[in-house]
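Enquirer: Protein chains in written order, with the numbering used here: chain A, 19 to 368; chain B, 19 to 368; chain C, 19 to 368; chain D, 19 to 368.
One thing to keep in mind: the hints can contain errors.
No copy is singled out in the list; a pair is fine if it fits within one copy or between any two copies.
To be verified - Calculated cross-link-like contacts (lysine-lysine; reagent style DSSO-like; alpha-carbon spacing at most 27 Å):
#1 Lys-23 to Lys-222
#2 Lys-152 to Lys-186
#3 Lys-21 to Lys-103
#4 Lys-152 to Lys-103
#5 Lys-23 to Lys-186
#6 Lys-186 to Lys-21
#7 Lys-152 to Lys-270
#8 Lys-23 to Lys-270
#9 Lys-103 to Lys-270
#10 Lys-152 to Lys-21
#11 Lys-222 to Lys-186
#12 Lys-21 to Lys-270
#13 Lys-186 to Lys-103
#14 Lys-222 to Lys-21
#15 Lys-222 to Lys-103
#16 Lys-186 to Lys-270
#17 Lys-103 to Lys-23
Keep in mind the hints are simulated off the structure, nothing from the lab.
So you can see what is in the structure, the chains are spelled out below.
Protein chains: 4
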Amino acid sequence: MAKLKVAILGATGTVGQRFIQLLDGHPWFEVAALTGSERTAGQTYAEASRWVLDTPMPAAVRDMRIMSEDAALDTPLVFSALPSKTAGVIEARLATAGHIVCSNASDYRMDADVPLLIPEVNPEHLEMIAVQRKQRGWSGAIVTNPNCTATAPTMVLRPLLNAFGVEKVLLVSMQALSGAGYPGVPSYDATENVIPYIGGEEPKVEEEPQKMLGDLVDGRVVPANFTISAHCNRVPVLEGHLVCLSIGLQRKASLEEVLAALSNFRALPQELQLPSAPPQAIVLREEPDRPQPRRDRMTGAGMAAVVGRVRPCALLDYKLVTLGHNTIRGAAGGSILNAELMYAQGMLQS
Amino acid sequence: MAKLKVAILGATGTVGQRFIQLLDGHPWFEVAALTGSERTAGQTYAEASRWVLDTPMPAAVRDMRIMSEDAALDTPLVFSALPSKTAGVIEARLATAGHIVCSNASDYRMDADVPLLIPEVNPEHLEMIAVQRKQRGWSGAIVTNPNCTATAPTMVLRPLLNAFGVEKVLLVSMQALSGAGYPGVPSYDATENVIPYIGGEEPKVEEEPQKMLGDLVDGRVVPANFTISAHCNRVPVLEGHLVCLSIGLQRKASLEEVLAALSNFRALPQELQLPSAPPQAIVLREEPDRPQPRRDRMTGAGMAAVVGRVRPCALLDYKLVTLGHNTIRGAAGGSILNAELMYAQGMLQS
Amino acid sequence: MAKLKVAILGATGTVGQRFIQLLDGHPWFEVAALTGSERTAGQTYAEASRWVLDTPMPAAVRDMRIMSEDAALDTPLVFSALPSKTAGVIEARLATAGHIVCSNASDYRMDADVPLLIPEVNPEHLEMIAVQRKQRGWSGAIVTNPNCTATAPTMVLRPLLNAFGVEKVLLVSMQALSGAGYPGVPSYDATENVIPYIGGEEPKVEEEPQKMLGDLVDGRVVPANFTISAHCNRVPVLEGHLVCLSIGLQRKASLEEVLAALSNFRALPQELQLPSAPPQAIVLREEPDRPQPRRDRMTGAGMAAVVGRVRPCALLDYKLVTLGHNTIRGAAGGSILNAELMYAQGMLQS
Amino acid sequence: MAKLKVAILGATGTVGQRFIQLLDGHPWFEVAALTGSERTAGQTYAEASRWVLDTPMPAAVRDMRIMSEDAALDTPLVFSALPSKTAGVIEARLATAGHIVCSNASDYRMDADVPLLIPEVNPEHLEMIAVQRKQRGWSGAIVTNPNCTATAPTMVLRPLLNAFGVEKVLLVSMQALSGAGYPGVPSYDATENVIPYIGGEEPKVEEEPQKMLGDLVDGRVVPANFTISAHCNRVPVLEGHLVCLSIGLQRKASLEEVLAALSNFRALPQELQLPSAPPQAIVLREEPDRPQPRRDRMTGAGMAAVVGRVRPCALLDYKLVTLGHNTIRGAAGGSILNAELMYAQGMLQS
């Protein structure tokens with residue numbers, strides 16, 4: 019069967035590069051168009067991009083020509099690695115023109131009619147597309163994936179909320195350098211240092227999870243009713259956001275029940291065997307000193323949420339540590355998995 | 019006036035090296051004896067120690083002979099950089115023999131009759147020495163300084179507790195490599211990584227602050243009545259423990275009141291102009307991205323507690339970030355300041 | 019066909035772990051025995067080893083019992099990850115008892131009757147085994163692979179020596195932390211630093227290449243007739259030894275000829291399609307800033323020698339930079355490729 | 019006596035910041051003017067600069083207003099931290115107008131009538147100013163300091179050339195991140211990596227030392243007659259360029275003679291007791307593993323050339339390692355010492 023042709027918006031940046039890397043050899047999707055700024059339009063991808071990933075640039079894209087971001091695309095599915103703000107207008111135009119846009123940008127994430135999707139967490143939120151189309155008159159649609167820091171904690175909260183309810187979350191992140199893009203954080207700042215601040219990050223982390231964990235009522239999300247307080251820090255790690263969580267539950271739960279909820283978690287992408295779905299959405303580590311970003315970020319090919327150090331908290335109920343690969347599951351891989359879910363559910367056709 | 023002769027126990031380790039570095043040229047104290055393991059006894063300090071600090075080994079100690087840790091000392095003041103467990107017996111023997119032992123080890127910290135001292139926080143706890151002597155029949159005494167991670171947060175909590183009361187503290191540390199001593203953390207573990215676990219650290223951080231912030235009633239400490247929950251992490255930073263705190267207060271306080279309490283804090287060591295006291299015990303940074311370990315750890319010659327990012331917390335009342343130099347204020351420098359306070363108060367004579 | 023059963027000596031260390039990682043799923047060899055110190059003998063591998071690699075411990079070895087290093091082995095092929103000195107006696111005993119020992123240790127490397135082997139460089143040196151057996155009365159044999167730093171430069175020198183002769187080599191290494199084993203270099207030394215010294219390394223790098231590049235005359239190696247001067251440095255990189263070389267040739271050669279010699283290099287392991295042979299033994303990079311350790315060390319699954327920045331040298335003839343993965347091609351992978359060559363040539367039978 | 023008023027061109031960049039840091043409290047010079055780009059002109063220094071050094075911004079400059087780089091200055095002495103190319107026109111205009119410009123830029127370094135000065139190496143080259151003024155009709159002058167990587171090796175070569183002559187130098191650098199300015203090298207490139215290339219660096223390192231070590235004949239420099247071949251690498255170190263050198267001498271010299279030449283070196287800045295001169299220009303380390311960038315870069319307050327690992331070279335005569343602080347001695351500090359020499363010799367008046 020012919021593969022579905024896809025475009026990548028903002029293909030030369032670091033998230034764009036991850037899309038290209040992850041889509042290389044994809045069983046369902048085939049990269050057919052790449053867009054970039056006016057400056058790079060017309061160049062080959064090899065000329066236009068400064069490839070920074072640690073695997074070689076896939077041969078299939080080397081000689082593809084970069085299109086302007088305003089070019090008309092003829093691919094049914096579009097992955098957007100555009101920066102916030104730039105994304106808004108371009109993605110809307112494509113959705114108007116009938117494209118399904120799986121976007122990593124933050125512009126539409128919190129809009130009431132736009133799914134903020136993690137297939138293991140809230141696959142039913144795709145129903146919001148009907149509302150979106152009706153309200154906006156679009157024949158296409160925009161589906162977003164969350165902030166890279168919010169992703170793994172939200173996955174880990176899913177079974178806890180299901181089983182025990184969640185009331186409070188105190189969250190402290192230690193985020194990787196790649197989260198700032200390229201060139202991103204200067205090495206003169208990052209070396210042998212921690213920067214206890216990431217502009218604009220804490221508000222996203224404090225509000226996106228509740229939307230994803232919310233119930234869909236009449237096509238609208240009722241956000242999950244708990245409060246998050248976040249401290250976000252940048253640490254000298256290349257990839258992988260480590261997050262310390264203290265969690266207050268609604269109902270009492272023993273440590274065994276909590277561990278069981280985490281390790282027994284099963285979800286739709288695994289059931290559907292989506293190509294990018296990790297074998298286990300949540301991987302529970304039992305060693306006292308795991309997960310570690312460098313050693314565990316590639317769990318499930320970078321698509322799993324890894325959790326460890328689950329233990330009682332003297333203030334709330336439980337403490338634990340999560341790890342997610344920020345540019346795979348937390349960015350490009352998350353968008354791709356969203357598209358795979360839509361494809362598997364017949365919402366995309368070639 | 020002749021300087022007071024002091025000994026350093028465990029002088030060849032990293033904390034011992036810091037004692038030597040910080041006591042070089044000290045106006046009141048003069049290093050007169052160094053102890054080490056049986057293996058190094060008899061060697062010169064230059065032979066026995068693998069000097070790892072970034073300033074040169076002081077000339078005054080190069081040719082001093084290492085004494086066995088069991089040797090009789092004739093210095094009234096003894097600084098202990100011994101590892102926990104080793105410290106217990108040796109320090110007790112010295113206190114019995116009339117020495118004042120300022121110890122960085124954890125063995126006696128939580129004993130009911132042993133001061134756990136930060137001169138800016140609880141100078142009056144030195145009164146416990148009378149109880150200690152009476153109960154143990156010692157002519158000397160043991161005075162301890164807290165865990166390196168607990169130090170800066172406790173200093174910052176002092177004015178908050180004074181002004182508003184403290185009810186709850188959620189604490190997440192990002193601790194420097196030097197905290198593990200030498201050789202300490204293998205570079206193969208620490209490079210481009212975070213280790214979300216430090217053996218034995220969280221319990222100390224969760225109980226030492228309340229003792230220091232407690233009131234002295236009839237010679238005994240009534241611990242401050244609040245709960246701490248700690249997550250401790252190791253990050254690839256050489257020196258300086260950065261700590262994210264969420265703090266619940268007993269009484270409502272505006273952000274301005276909190277900032278004022280922090281920046282107006284005055285304490286005894288500054289009033290007494292103790293030689294190692296930083297000009298300001300608490301230094302408040304107003305930039306959004308400070309304190310940073312590498313850039314701010316030497317504030318007040320490594321003796322200040324730096325605090326920044328003070329802002330409301332959605333769960334508790336306020337969030338902030340503290341930084342303290344772990345091997346200066348959090349170890350050797352803390353012990354020296356304790357001794358300076360005792361000296362200034364006439365508790366030590368040459 | 020049944021796989022050949024192999025043992026790994028010193029299986030719990032970092033090189034031992036690489037052997038286990040690389041042999042997992044090997045098409046010809048199957049790990050059947052693991053040895054360790056007296057202390058770990060009898061434990062399972064999961065109990066005995068502190069696994070430090072970034073991929074999970076293979077399931078096949080988790081429950082294997084560690085044997086004492088003095089145990090009698092019944093595997094025809096033995097891989098040795100023993101430290102130098104320990105290796106000497108144990109490897110000799112196994113060779114006496116009829117085992118083929120592919121050793122990563124340095125003890126026998128420079129012995130006149132022991133092959134120091136890189137299959138792309140000097141496969142014919144395996145003929146030395148006949149001499150070895152005759153002289154030592156062994157029914158087995160010892161075959162060694164070179165020092166990790168010497169490996170990639172020697173591979174790159176092979177075609178240059180063939181085509182133009184080599185007269186002089188000035189070599190400056192920037193070596194990865196993993197080369198020091200585990201725990202190896204303390205993070206307190208390695209962070210934000212370079213250590214311009216590695217004990218015992220420079221002599222090995224200065225004499226091993228000439229043996230490998232030498233001609234075999236009557237079963238004995240006549241070392242290649244050129245001089246190497248080496249400076250060895252440790253840099254804060256996890257894996258991958260980067261080496262700057264200035265090379266004086268015997269015959270004039272144009273830059274084009276040099277580049278052609280490097281990129282046209284073909285060798286026996288590729289011809290024989292040995293399982294661990296990289297598609298190309300030497301990979302030539304043309305970008306001005308490659309190879310880089312982190313980005314290029316996994317070229318050819320960590321088995322290729324990567325070379326770049328080939329340009330004229332004002333003092334000797336050409337300058338270039340080589341990169342080799344020090345614990346794959348430079349250690350365990352090198353030994354395995356040596357065994358594969360012997361297997362393919364019928365020198366090993368199950 | 020009133021201090022000499024000085025201006026700093028390009029004051030907001032990293033080299034500009036070093037000038038400000040090093041001139042704070044200077045006994046002879048007082049910062050009276052700061053220039054920056056059109057964009058920052060009119061702002062206070064605190065507003066205009068993103069201070070990146072690890073010591074606080076000196077209070078004296080916080081509220082100074084940035085002048086446009088085209089502004090007329092009324093300070094007799096001007097320090098230039100301008101980038102190459104920008105520097106050319108501006109520095110010439112200031113020299114025409116009678117200012118002494120001590121420049122860190124590369125534009126004029128190799129001009130036949132411009133001193134390329136290290137006060138310990140070639141103080142007599144200041145005589146070239148007479149030629150410069152005559153040829154260019156300037157009433158002021160431009161005096162340059164060398165490339166940061168060339169500085170320490172040139173200082174170390176001075177006594178060797180004096181005593182034994184120098185014929186050949188093979189040089190491999192491991193350069194700090196700060197050498198690339200700010201933001202400079204992205205952390206995503208620099209972390210756990212080495213970049214074996216620095217644009218434009220090798221030619222400078224290969225030709226500047228000979229000019230500095232050349233003799234002045236009739237007001238013109240006859241470059242020292244030896245060849246340098248350089249490999250330049252970027253390593254994840256914040257400050258301090260480490261350089262491996264292999265040196266061929268003109269006359270035979272024993273190791274003792276070489277060590278004596280290095281340790282007995284005395285030079286004019288030390289004799290004149292220039293404020294920024296290190297106590298010893300060349301500091302010889304005898305430990306096998308020194309100098310190390312992090313531990314030794316502050317030798318002589320960052321103004322000394324540190325040398326170690328002096329040993330025979332199998333190819334040339336001797337091998338050794340040098341270290342110099344690249345943004346102190348190799349940039350701002352070097353310029354300041356040049357100005358101090360001119361001041362001490364009466365070439366500058368307030």
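Enquirer: Does each hint hold? Answer for all of them.
Expert: Do the hints match the structure? See the list:
1. Within a single copy, Lys-23 and Lys-222 get their C-alpha atoms no closer than 32 Å, and across copies no closer than 51 Å, so neither meets the 27 Å cut-off.
2. For a Cα distance limit of 27 Å, the shortest separation of Lys-152 from Lys-186 qualifies neither inside one copy, at 35 Å, nor across copies, at 48 Å.
3. Taking the shortest Cα distances, Lys-21 and Lys-103 never come within 27 Å of each other, neither inside one copy (31 Å) nor across copies (52 Å).
4. Taking CA atoms no more than 27 Å apart as the test, Lys-152 paired with Lys-103 passes inside one copy only; the shortest distance there is 24 Å, against 59 Å between copies.
5. For a Cα distance limit of 27 Å, the shortest separation of Lys-23 from Lys-186 qualifies neither inside one copy, at 43 Å, nor across copies, at 55 Å.
6. In the homo-oligomer, the alpha carbons of Lys-186 and Lys-21 never lie at most 27 Å apart, since the shortest distance is 44 Å inside one protomer and 56 Å across protomers.
7. Within a single copy, Lys-152 and Lys-270 get their C-alpha atoms no closer than 43 Å, and across copies no closer than 47 Å, so neither meets the 27 Å cut-off.
8. For the identical chains of this complex, Lys-23 and Lys-270 are neighbours neither inside a copy (49 Å) nor across copies (53 Å), given an alpha-carbon limit of 27 Å.
9. In this homomeric assembly, Lys-103 and Lys-270 never come within 27 Å of each other (Cα to Cα): the closest approach is 43 Å inside a single copy and 39 Å across copies.
10. In this homomeric assembly, Lys-152 and Lys-21 never come within 27 Å of each other (Cα to Cα): the closest approach is 29 Å inside a single copy and 63 Å across copies.
11. For the homomeric pair Lys-222 and Lys-186, the shortest alpha-carbon distances inside one copy (16 Å) and between copies (25 Å) are both at most 27 Å.
12. When the C-alpha separation of Lys-21 and Lys-270 is checked against a cutoff of 27 Å, the pair qualifies neither within a copy, at 49 Å, nor between copies, at 54 Å.
13. Proximity of Lys-186 and Lys-103 under a CA criterion of 27 Å is satisfied in neither setting, with 31 Å inside one chain copy and 39 Å between copies.
14. In this assembly of identical chains, the alpha carbons of Lys-222 and Lys-21 never lie at most 27 Å apart, being 35 Å within a copy and 54 Å across copies at closest.
15. For a Cα distance limit of 27 Å, the shortest separation of Lys-222 from Lys-103 inside one copy, 15 Å, qualifies, whereas the shortest one across copies, 44 Å, does not.
16. Both within a single protomer and between protomers do Lys-186 and Lys-270 lie at most 27 Å apart by alpha-carbon distance, with minima of 14 Å and 20 Å respectively.
17. Proximity of Lys-103 and Lys-23 under a CA criterion of 27 Å is satisfied intra-copy only: 26 Å inside one chain copy versus 48 Å between copies.
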